[in-house]
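Engineer: Sequence:
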Amino acid sequence: MPSSIAFQWFTPVFTIFAGIAIFIISQTVLKLIIEPVQQLRAAIGFTAHTLLRHQAKITNGMEDAELSAKIYDHAAELVSKAEVIVCYRAAALLFRLPSRRNVVDAARELNGIGHETMDKRPGVNFAPNPPSALAVRKNHEALKKIAELLRVKTAYH
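With the numbering used here applied, the sequence shown corresponds to residues 14 to 170, in that order.
Rather than coming from a laboratory, the hints here were simulated on the basis of the structure.
Treat the hints with care, since some could be wrong.
Claimed, not checked - Within a straight-line C-alpha distance of at most 30 Å, the following computed BS3-like cross-link-like pairs (lysine-lysine) qualify:
no.	residue 1	residue 2
1	Lys83	Lys166
2	Lys83	Lys157
3	Lys83	Lys158
4	Lys133	Lys70
5	Lys133	Lys151
6	Lys94	Lys157
7	Lys151	Lys70
8	Lys157	Lys133
9	Lys83	Lys94
10	Lys94	Lys151
11	Lys166	Lys44
12	Lys166	Lys94
13	Lys94	Lys158
14	Lys70	Lys166
15	Lys83	Lys70
16	Lys70	Lys158
17	Lys133	Lys44
To be verified - Label pairs and their computed distance ranges (CB to CB):
no.	residue 1	residue 2	range
18	Ser39	Arg164	24 to 32 Å
19	Leu65	Glu96	22 to 30 Å
20	Ala168	Ala34	46 to 54 Å
Each residue gets a CB set at the ideal place from its N, CA and C atoms; glycine is no exception.
Please construct the entire structure, taking both the sequences and the accompanying hints into account.
Structural biologist: See below:
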């Protein structure tokens with residue numbers, strides 16, 4: 014008799030502890046992998062949005078301090094979002110993310126675009142600098158490279 018009483022208590026207690034363990038494991042996976050992956054994907058999407066939205070300014074080498082700051086922010090955000098993903102290589106394979114190296118290289122290209130679009134006028138009273146052919150070429154090449162690295166569209170053609 015004592016073993017049947019023990020078994021009667023074991024089943025519900027085991028079920029409760031198993032349920033708690035499954036909940037803890039699922040929340041850990043959600044918080045450490047799935048949510049950071051979604052945040053990185055969103056950051057990649059917002060970056061592509063900005064590049065597409067301001068493609069004309071970027072490819073024409075126009076100076077725009079606000080755009081430059083936004084592009085620098087995207088570069089930093091991409092790297093920071095990639096850094097918080099636990100087991101990045103496995104997550105990259107599972108969720109088809111760009112490699113960590115590609116994310117860093119894309120951030121470098123974004124920083125280059127940010128530098129080329131930075132307002133370089135010495136003061137408010139000066140006219141904007143004309144776009145240089147070098148800036149136009151650099152920005153165009155950077156957009157193509159970012160498209161390859163992050164696997165997103167950065168141009169409408």
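Engineer: Against the structure, test the hints numbered earlier, and report the numbers of the ones violated in rising order.
Structural biologist: 17
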